[in-house]
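When you get a sec, could you build the whole thing from the sequences and use the hints?
The sequence shown begins at 1 in this note's numbering and counts up by one.
Since the hints were derived computationally from the structure, they do not count as laboratory data.
None of these values were measured; they are calculated from a predicted model.
There could be a bad hint or two in this list.
As the list claims (entries may be wrong) - Below, in silico cross-link-like pairs of lysine-lysine (BS3-like), each with a Cα-Cα straight-line distance of 27 Å or less: (1) K143 / K126; (2) K116 / K102; (3) K156 / K143; (4) K136 / K122; (5) K116 / K126; (6) K158 / K148; (7) K143 / K158; (8) K136 / K148; (9) K122 / K110; (10) K59 / K70; (11) K154 / K143; (12) K110 / K126; (13) K136 / K126.
As the list claims (entries may be wrong) - Okay, the calculated beta carbon distance ranges per label pair: (14) S87 / Q107: 28 to 36 Å; (15) V100 / F72: 32 to 40 Å; (16) L134 / G96: 50 to 58 Å; (17) K59 / G105: 55 to 63 Å; (18) N133 / S113: 28 to 36 Å; (19) F72 / I111: 49 to 57 Å; (20) S87 / N125: 52 to 60 Å; (21) S87 / W66: 13 to 21 Å; (22) N117 / T80: 49 to 57 Å; (23) I94 / D124: 40 to 48 Å; (24) V146 / N125: 25 to 33 Å; (25) K126 / V146: 24 to 32 Å; (26) I114 / S87: 34 to 42 Å; (27) I118 / K158: 55 to 63 Å.
For every residue, glycine included, the Cβ atom is placed at its ideal position computed from N, Cα and C.
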Amino acid sequence: MKTKKVDRFGHAGKSWHEKEAYKNFLASKFYLDKTESEPVDTNKTDESSFEEEKIKPTKIQKKSKWLKVKDFLYDNWVVTILGGIISGVILLAITGYISVNKEQGIQGEKISSIEKNIEEMKNDNKENLNNFNLLKEGFNVFKAEVSKDLEFIKNKVKF
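This is the structure:
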């Protein structure tokens, strides 16, 4: 008869007696041989105790700033991603605010330039109207003079 290989799929349950025997084995004061350090013999000159040896402490190097940043980003990747998104949104808002103010300043300058041009055109129009009125008065005077001359010539021709 072939024996079945015992592995994790071939595990067989224990009987009540086997379980009790195993519990008793664990509870018994059966100690295995332990390895203990031997006491230092102070009479020997070639031995020294561990405490008498001077331990040179090695200087502990601090983490570099780049490594600290990498560790922080690795440990707090959710905060890092959210912080990056929030920083991007804030940067976008500030950039948009600046560009809107710039465009608003340019448009305001254009509007003030147009208003100035309109005022100049109004002044030119008033000046042209005054010149037109002067020309009209001059033309009326010329017309009156010409009509007087024509009357005079007519009167001379009739006699």
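Results of checking the hints against the structure:
1. Annotation: proposed proximity of K143 to K126 holds, straight-line Cα distance about 25 Å (limit 27 Å).
2. Between K116 and K102, the direct Cα distance comes to roughly 21 Å. Compliance with the 27 Å bound is thereby established for this hinted pair.
3. Note on K156 and K143: the hinted pairing holds, with a Cα-Cα distance of about 20 Å set against a maximum of 27 Å.
4. With a C-alpha separation of about 20 Å, the suggested pairing of K136 with K122 holds against the 27 Å cut-off.
5. A threshold of 27 Å between alpha carbons decides the hint, and for K116 with K126 the separation of about 15 Å falls inside it, so the pair holds.
6. For the hint linking K158 to K148, the alpha-carbon distance of about 15 Å falls within 27 Å, and the restraint holds.
7. Among the hinted pairs, K143 with K158 is consistent with the structure: their alpha-carbon atoms are about 22 Å apart, no more than 27 Å.
8. The suggested pairing of K136 with K148 holds, with an alpha-carbon distance near 18 Å, which does not exceed 27 Å.
9. Between K122 and K110 the alpha-carbon distance is near 18 Å, which keeps this suggested pair within the 27 Å criterion.
10. Between K59 and K70 the CA atoms are separated by roughly 23 Å; this keeps the pair inside 27 Å, and the hint holds.
11. Taking the CA atoms of K154 and K143, the gap is about 16 Å. The hint holds against a cut of 27 Å.
12. Of the supplied pair hints, the one linking K110 and K126 holds, its CA atoms being roughly 24 Å apart against a limit of 27 Å.
13. Distance check on the hinted pair: K136 and K126 sit about 15 Å apart at the alpha-carbon level, within 27 Å; holds.
14. Distance hint check for S87 and Q107: the Cβ-Cβ separation is about 30 Å, which falls inside the suggested range of 28 to 36 Å.
15. In this structure the hint that V100 and F72 lie 32 to 40 Å apart at CB holds, the actual value being about 35 Å.
16. Separated by about 57 Å at the C-beta atoms, L134 and G96 satisfy the suggested range of 50 to 58 Å.
17. Taking 55 to 63 Å as the suggested C-beta distance range, the pair K59 and G105 conforms, at roughly 59 Å.
18. One distance hint, 28 to 36 Å for the beta-carbon pair N133 and S113, holds here, with the actual separation near 31 Å.
19. Against the hinted window of 49 to 57 Å, the Cβ-Cβ separation of F72 and I111 comes to about 51 Å, which satisfies the hint.
20. For S87 and N125, the Cβ-Cβ distance of about 56 Å falls inside the hinted range of 52 to 60 Å, so the restraint holds.
21. Here the CB-CB span from S87 to W66 is close to 20 Å, well matched to the stated 13 to 21 Å.
22. Under the hint 49 to 57 Å, the C-beta atoms of N117 and T80, about 55 Å apart, fit the expected range.
23. Look at I94 against D124: about 45 Å separates their beta carbons, and that is inside 40 to 48 Å.
24. The given range of 25 to 33 Å is respected by V146 and N125, whose C-beta atoms sit roughly 30 Å from each other.
25. Under the hint 24 to 32 Å, the C-beta atoms of K126 and V146, about 30 Å apart, fit the expected range.
26. At roughly 41 Å, the beta-carbon separation of I114 and S87 lies within the given 34 to 42 Å, and the hint holds.
27. For the pair I118 and K158, the supplied restraint of 55 to 63 Å holds, since their beta-carbon distance comes to about 58 Å.
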